[in-house]
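Enquirer: Top to bottom, those sequences are chains A and B. Everything in the first sequence is counted per numbering that gives the first Met the number 0, starting at 0 for the first residue and increasing by one. Everything in the second sequence is counted per numbering that gives the first Met the number 0, starting at 0 for the first residue and increasing by one.
Quick caveat, the hints were computed from the structure, so don't treat them as lab data. Incorrect hints may appear among the rest.
Which stretches of chain A does chain B cover? Using the computed rule of at least three CB atoms under 8 Å from a CB of chain B, they are [unchecked claim]:
| id | region |
| --- | --- |
| 1 | 12-22 |
| 2 | 25-32 |
| 3 | 37-46 |
| 4 | 54-61 |
| 5 | 68-74 |
Model, not experiment: these values are computed from the prediction. We treat Cβ as the ideally placed atom computed from N, Cα and C, and that holds for glycine.
Number of protein chains: 2
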Amino acid sequence: MTEIADPAVTLQRLRASIDNIDAALIFMLAERFRCTQQVGVLKAEHGMPASDPNREREQISRLRSLALDAELDPEFAHKWFTFVVSEVIRHHNTAAESAGSDAAGAAESAGPDAAGPGASAGSDAGDARGPQES
Amino acid sequence: MTEIADPAVTLQRLRASIDNIDAALIFMLAERFRCTQQVGVLKAEHGMPASDPNREREQISRLRSLALDAELDPEFAHKWFTFVVSEVIRHHNTAAESAGSDAAGAAESAGPDAAGPGASAGSDAGDARGPQES
């Protein structure tokens, strides 16, 4: 009991910060989706390869380094990245199915079942190419 | 082939945006961890209950609403929230083990195996109470 402030008030303050941060995260995730969707369209329009293993390796390496700078567990950052990418791919695959496309075949190697670190290595999953990339 | 710009340049531009957004996300996640760790300490110090189902229900409902505003799939937002929370809990449980504590028992119902939407309902997982809360 070393705190002077009412713990309920402190809890309320911390939860308000968590809520603000979560809102920021949701809006940044939405913006990330907008970018990856544009990448999907671009690659489809210009016949660019869906897979770019070097790109993903660089992304993971960079995010782990940034996590260390931010005092965030780099393993968490790695798993978080893989989760987001696999969800984006799953989302795009669902869209592809409803559009009657069999695209994103290479993407399936980093699908929703492969959420562990490194599971999606070998695909340019960081761009989350969409169904347009058949 | 309706684009005027070099597609490689456009891809580079989009990837630079994705990289910026990912950096922002990592730093915001780090800040979220700092808040949830403080919540864990606060609850432990004051014997406050670890579980608060109403709080988590409100968080999920709010994030789904924000996702709609941002044109992000609310199911993705929901799964993302559950993933982050379960990882925070896993991280804290690991810390608890190394500290010789058997804390966070209630948290296990929303553990790393329960990554689906709704899987963590019933616990105040949004605060990710730490090992201090035994």
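Enquirer: Looking back at the numbered hints, which does the structure fail to meet, lowest number first?
Expert: Per hint list: zero violations.
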